[in-house]
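> Each chain, written out:
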Amino acid sequence: MIALIARELKLSLRHGADTVAALLFFIIAGTLFAFAVGPSPAILAGIAAGVVWVCALLAALLPLDRLFGADFEDGTLDLLLLSGLSAYEVAFAKTVVHWLTTGLPLLLIAAPLAVMLRMPETKIPLLLLSLVPGTMILSLLGTMAAAVSLGARRAAVLMPLITLPLIIPALIFGASAVTTAHPAAPLYMLGAMLAAALPLAPLGAGTALRAAAE
Amino acid sequence: MLQGIDFTLSEGGMLLLRGRNGAGKSTLLRALAGLTPLAAGELLWAEEPAVRDLPSHAARIAWLGHLDAVKPALTVAEHVPEAALKPVGLEKFAALPARFLSAGQKRRLAIARVAASGRKLWLLDEPTTGLDAASVQRFADLCTAHREAGGMIIASTHTPLELKDMQVLEL
Chain C
0 MIALIARELK
10 LSLRHGADTV
20 AALLFFIIAG
30 TLFAFAVGPS
40 PAILAGIAAG
50 VVWVCALLAA
60 LLPLDRLFGA
70 DFEDGTLDLL
80 LLSGLSAYEV
90 AFAKTVVHWL
100 TTGLPLLLIA
110 APLAVMLRMP
120 ETKIPLLLLS
130 LVPGTMILSL
140 LGTMAAAVSL
150 GARRAAVLMP
160 LITLPLIIPA
170 LIFGASAVTT
180 AHPAAPLYML
190 GAMLAAALPL
200 APLGAGTALR
210 AAAE
Chain W
0 MLQGIDFTLS
10 EGGMLLLRGR
20 NGAGKSTLLR
30 ALAGLTPLAA
40 GELLWAEEPA
50 VRDLPSHAAR
60 IAWLGHLDAV
70 KPALTVAEHV
80 PEAALKPVGL
90 EKFAALPARF
100 LSAGQKRRLA
110 IARVAASGRK
120 LWLLDEPTTG
130 LDAASVQRFA
140 DLCTAHREAG
150 GMIIASTHTP
160 LELKDMQVLE
170 L
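Residue numbers (numbering that gives the first Met the number 0), protein chains in the order written: chain C, 0 to 213; chain W, 0 to 170.
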């Protein structure tokens, strides 16, 4: 599985445009909110956590249609399923690569966006802390949605329609971890969601991959 | 729906699947690979059910589908070990990104991946598509070498391919 992750990372780095596009979308979408609600620090600070979370969520969706789509179209998916790895492991490896090439970079530039949105400096570590499990959950659910919609005629439309409702609980607890006076509870909830999604989402994705290959 | 398929393949054997377009050659190959489940019947490997779990079955299969599974962003040598390129005549292109290869060269690269896999059973779906006469001969030589080493091959093809002791299954 390590070899597969390394190969997929190499491919992702050669197609760096996907990561760059997600990061640019994240920054631009976050900036639009500042233009829309005006420069008032109080208003911006009030919505900053939610804006960063929603923008990260939407930006992470962008590369998902290529996660399995390219492999499905060029025949690589068959080779992956016949590589000796289980479909679960293939899906898990793809999830790891999605997080490393999209979730992690988004996490790294979340702080500057939060500063731009006038989020208090004391809240930024909490935002980043909530985004660590948040982006992982997003990669897990996104990978499952990408696998489920594989081969569908409107996969690019179907994928967000599957992912977005599923990610709402993580969004609620992630944003509230930053805004509430007691962040421990929402962070624990995010951890619990990650613990549930970690085994279940690749399982669902693997089953969907097998079905798509049939 | 495929029905009434029954054959046995021994070490060093080769089975050629023939039939019109849509006859089910690719479907049969996918079923043999374990990618498509059998609706009925049995697939045995050394008298044991072959596809108990796909990863174990896959460990003895080298697969070449009708798509080449070549990644344009990777170089030729990043697809297969360099030693595997010479038998298919691609050694000069080792450092070249695969996006610059012609359709026939991509097919040869896919064949090199099968040959380099070291797996016992080759399942090949139209392996000679897009190949010129010299490349078809190289492919035939690779098949012969694999069979002489005890390997087995099941292939579908429209191209006339004559190899010794080859079984033919008409679908």
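In case anyone wonders, no lab produced these hints; they're calculated from the structure.
Beta carbons: idealized from backbone N, C-alpha and C, even for Gly.
Treat the hints with care, since some could be wrong.
As the list claims (entries may be wrong) - Stretch-level coverage of chain W by chain C, calculated; a stretch enters the list once three of its residues show a Cβ under 8 Å from a Cβ in chain C:
{"id": "1", "stretch": "36 to 50"}
{"id": "2", "stretch": "66 to 73"}
Unchecked claim - In silico DSS-like links for lysine-lysine, alpha-carbon gap of 30 Å or less:
{"id": "3", "chain 1": "W", "residue 1": "85", "chain 2": "W", "residue 2": "163"}
{"id": "4", "chain 1": "C", "residue 1": "9", "chain 2": "W", "residue 2": "163"}
{"id": "5", "chain 1": "W", "residue 1": "119", "chain 2": "W", "residue 2": "163"}
{"id": "6", "chain 1": "W", "residue 1": "85", "chain 2": "W", "residue 2": "119"}
{"id": "7", "chain 1": "C", "residue 1": "122", "chain 2": "W", "residue 2": "119"}
> Confirm or reject each hint.
Comparing the hints with the structure gives:
1. 36 to 50: violated (count 1)
2. 66 to 73: holds (count 7)
3. W:85 - W:163: holds (24 Å)
4. C:9 - W:163: violated (42 Å)
5. W:119 - W:163: holds (19 Å)
6. W:85 - W:119: With Cα atoms ~21 Å apart, residue 85 of chain W and residue 119 of chain W stay inside 30 Å; holds.
7. C:122 - W:119: violated (59 Å)
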